[in-house]
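Following the numbering used here, the numbering of the sequence shown begins with 1 at its first residue and continues without gaps.
Simulated from the structure, these hints should not be mistaken for laboratory data. From the three backbone atoms N, C-alpha and C, an ideal C-beta is built for every residue, glycine too. You can take every hint at face value.
Here are the computed distance ranges between Cβ atoms for each label pair:
#1 D41 / A20: 27 to 37 Å
#2 D41 / S61: 31 to 41 Å
#3 G42 / D17: 32 to 42 Å
#4 P30 / E60: 16 to 26 Å
#5 A2 / A24: 21 to 31 Å
#6 Y21 / E80: 22 to 32 Å
#7 V50 / D17: 21 to 31 Å
#8 L13 / V46: 22 to 32 Å
#9 N55 / N18: 16 to 26 Å
#10 G42 / L13: 28 to 38 Å
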Amino acid sequence: MAIESNQLKAVVLSNDDNFAYFAALAVPHPVSFVINATWNDGGTSVTRNVTGAGNIISSESFIGDDTLSYTTFYIGELREKLRLCRAMRLSTRRCSR
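With the hints as extra help, turn the sequences into a complete structure.
Structure follows, in structure tokens:
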């Protein structure tokens with residue numbers, strides 16, 4: 001997961017049924033999302049949910065075997081500025097329609 005040119009680039013496993021709906025959408029399509037972020041702050045592990053909203057502007061799928069299939073989503077027109085530091089461990093937990 002990364003932010004490039006004010007777009008969120010998120011890669012998810014294609015065999016994750018939670019994201020199959022989003023890969024089939026006509027774009028652009030509005031979505032909201034929650035990113036679970038964990039980082040070290042002075043020796044203490046901190047975990048927070050970072051919420052955001054934008055439009056899925058494209059997606060690309062790579063279909064290999066079960067362990068190599070994934071979809072990359074590009075979410076643009078972000079409603080607010082997301083601030084993510086390099087030391088964060090990120091995972092996308094939820095997306096909503």
